[in-house]
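*Asks:* Below, each chain spelled out in residue letters.
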Amino acid sequence: MRENAMSDTIVPGRWARFRDSYLLYSFKRDLVAQLSLVLFAMLIFAAVFAPWLAPANPYDLAQIDIMASELPPFWIDGADPQYLMGTDAQGRDLLSTILYGLRVSLIIGFGAVLMQAVIGVSFGLMAGYLGGRVDAFLMRLADIQLSFSTLMVAIIVGALVKAIFGGATFSEYAVPLLVLIIGLAEWPQYARTVRASVLAERSKEYVDAARVMGLKSRRIMFRHILPNTLSPIFVISTVQVANAIISEAALSFLGLGMPETHPSLGSLIKSGFDYIQSGSWWITLIPGAVLVILVLVINLLGDWLRDVLNPRLYKG
Amino acid sequence: MTAAVSQHDPKASAATADSREQDNAAPLMEIRNLYKRFSLSGDFLEQLKFKGGKLVREQEHVHAINGIDIDIRRGEALCVVGESGCGKSTVARTVMGLLSPSKGEIHYDGQRIDHLSAKELLPFRRRMQMIFQNPYASLNPRMTIQQTLEEPIRLHHPDWSKERVRDQVRDVMDSVGIDPDWGSRFGHEFSGGQRQRIAIARALAVDPEFIVADEPISALDVSIQAQVLNLMMEAQQQRNLTYLFITHDLAVVEHFGTRVAVMYLGMVCEIAPTGTLFAKPRHPYTQALLSAIPRLEDDRPQHIRLQGEVPTPVNLPPGCVFHGRCPHANERCRQEVPALIDVEGGARVACHGVEEGRL
Chain X
18 MRENAMSDTI VPGRWARFRD SYLLYSFKRD LVAQLSLVLF AMLIFAAVFA PWLAPANPYD
78 LAQIDIMASE LPPFWIDGAD PQYLMGTDAQ GRDLLSTILY GLRVSLIIGF GAVLMQAVIG
138 VSFGLMAGYL GGRVDAFLMR LADIQLSFST LMVAIIVGAL VKAIFGGATF SEYAVPLLVL
198 IIGLAEWPQY ARTVRASVLA ERSKEYVDAA RVMGLKSRRI MFRHILPNTL SPIFVISTVQ
258 VANAIISEAA LSFLGLGMPE THPSLGSLIK SGFDYIQSGS WWITLIPGAV LVILVLVINL
318 LGDWLRDVLN PRLYKG
Chain H
1473 MTAAVSQHDP KASAATADSR EQDNAAPLME IRNLYKRFSL SGDFLEQLKF KGGKLVREQE
1533 HVHAINGIDI DIRRGEALCV VGESGCGKST VARTVMGLLS PSKGEIHYDG QRIDHLSAKE
1593 LLPFRRRMQM IFQNPYASLN PRMTIQQTLE EPIRLHHPDW SKERVRDQVR DVMDSVGIDP
1653 DWGSRFGHEF SGGQRQRIAI ARALAVDPEF IVADEPISAL DVSIQAQVLN LMMEAQQQRN
1713 LTYLFITHDL AVVEHFGTRV AVMYLGMVCE IAPTGTLFAK PRHPYTQALL SAIPRLEDDR
1773 PQHIRLQGEV PTPVNLPPGC VFHGRCPHAN ERCRQEVPAL IDVEGGARVA CHGVEEGRL
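So the protein lines, in turn, are chains X and H. The numbering used here applies: residue 18 is where the first sequence begins, and numbers increase by one. The numbering used here applies: residue 1473 is where the second sequence begins, and numbers increase by one.
For the record, the hints were derived by calculation from the structure and aren't laboratory data. It is possible that some hints are incorrect.
Lysine-lysine pairs mimicking DSS-like chemistry, simulated, CA-CA at most 30 angstroms apart [as the list claims (entries may be wrong)]: (1) K233(X) - K1591(H); (2) K1591(H) - K221(X); (3) K1575(H) - K221(X); (4) K1575(H) - K233(X); (5) K1591(H) - K1575(H); (6) K1634(H) - K233(X).
Some but not every residue of chain X turned toward chain H, in silico, with C-beta under 8 angstroms [claimed, not checked]: (7) K221; (8) Y223; (9) A226; (10) R228; (11) G231; (12) L232; (13) H241; (14) N245; (15) D324.
Beta carbons are placed, not taken as given, at the ideal position from N, Cα and C, and that holds for glycine.
Extracted from the complex, chain X is given alone in its bound form (with noise of 0.2 angstroms):
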């Protein structure tokens, strides 16, 4: 039949889809996002694999040699061409120390924008969808939620927990206890930014076809409405990423993140900052570069993203 043959030829796969799509059309053309993505993806790979590419372990100690410490990069004169960036105070090679330490930097930011998502998405559908008094609740929780920085909600709960279960304790629940801190303090951006979507949503008249149908509240919310908001939780979903890696490395440059034996980006560039004015400045300031350029290229691509999802910008 000829109507089968057409829609035989038609009806695209998802990677034909894809290859014809606005999306990749436009990271085509645009050379900060094709760029930004080649570093991103180099970073990410670089710490998915630091066991393998790391010359040194920093978490084991019998590898770390005290007599090679505060060592300088290879382009300066004294350097030992074992530790390529150098040594920290400690004696641990910088590059391992790095590469490990934007493994702990990365975990810590995806898994605490991962609890922000779940938290903040379920409250704003809810807020958005059933509106009325679980509005009002949700949406003022956010705003006490908001009206304290995140650092200070991290200070704080991050103080309780060292002293009621001891600094040992904290150290080695550091990671999941700073992905629930975080997660914790900005699931709010999701909130609100869920609710604004799910509210222009709803008055749409799928959601009405569905009600009439006599779909439960739930299905509704998480079939219906939630994939058409996804776009703007992608944008925010970037931004977030770099904001909680940034707030990692601030809590572990107060002392209370990371600590110093399982370093993230914040605790070596803090480690360092001791030995600043002695002249060892690569401790501080190479993985404080590596932090700037992570986050850098994660806002970049966000950037990227937001304009090709405005649907103001482009329809489809």
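Following the hints, complete the assembly by docking chain H onto the known chain X.
*Replies:* Coordinates of chain H only, in the frame set by chain X:
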């Protein structure tokens, strides 16, 4: 108009009442004294106001529906007409349970349904479906046509096998003239008329007996309107459907409706069989409305020009809601709300003038 009105003739009015009784034997849908108002005043804190040094709670409402009684008989297409903002769509949405009435009752097939919980309402949901105005918004943009059509069937027939669901989807797509092989496409790949067909298919997928159509063709191109209308009439014949058809297009009413209810400011002013209404409109508002239809042979148009504007539904006028614009209004019209009375031809009119025989 002549005053040859026969509702004072006891024989004639008994006859009309009888005929009404007969085909009224078991109305499918009964709307009893329905009221719906929407609050304009926001939440509790926003309602508090200082007046004369005292804290008072003030609430303002839009009175969208103000006491409506309509019976919908099995197998008929009841059209509801009226200008924008007269509460037509609110009636449709309240009947379907998308809005809950402020007062009054809705009975479906003898059972009251307006106070049921979502779970208790589910068996009725299968029997009553809705078609929406805007085919560009009524299909979920992230779902394929197949998914859209399977969803209601799966919900209402959880015991059906995959093949049976798929067969039902094919049948229903066939019956609305959409190629069943297009199921894997998304809504935005279709034209407006095709989308409205798909929306009709979604309503028909669970084999309902009652369909509420809220201006289903007003967003479509004129050439497509007739196609969709004919499709709905075909479906009515084949499946023995009952329609509640909301529209503002009187030509559509003449073509489609069995009976017509004319609404003004949340009230029914006249409800009559289509032929009777177009041949002999009784209510002054209906007369004005019908005189506004442009006609080909109309070289000396006799438009009835209504003075003024529709009053705001926030502060309803006392008495008959139409009295401010009615050329025949008298003191009684300004004070007393008219009730629907039976007149000849199976029509019911809410007008003191008709009741008193002055119109």
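*Asks:* The structure should be examined with respect to each hint, and the outcome stated for every one.
*Replies:* To see whether the hints hold, each was checked on the structure:
| no. | hint | in the structure |
| --- | --- | --- |
| 1 | K233(X) - K1591(H) | 9 angstroms, holds |
| 2 | K1591(H) - K221(X) | 23 angstroms, holds |
| 3 | K1575(H) - K221(X) | 26 angstroms, holds |
| 4 | K1575(H) - K233(X) | 25 angstroms, holds |
| 5 | K1591(H) - K1575(H) | 22 angstroms, holds |
| 6 | K1634(H) - K233(X) | 21 angstroms, holds |
| 7 | K221 | 5 angstroms, holds |
| 8 | Y223 | 4 angstroms, holds |
| 9 | A226 | 5 angstroms, holds |
| 10 | R228 | 6 angstroms, holds |
| 11 | G231 | 4 angstroms, holds |
| 12 | L232 | 6 angstroms, holds |
| 13 | H241 | 6 angstroms, holds |
| 14 | N245 | 6 angstroms, holds |
| 15 | D324 | 21 angstroms, violated |
The earlier numbered hint that this structure contradicts is number 15, and it is the only one.
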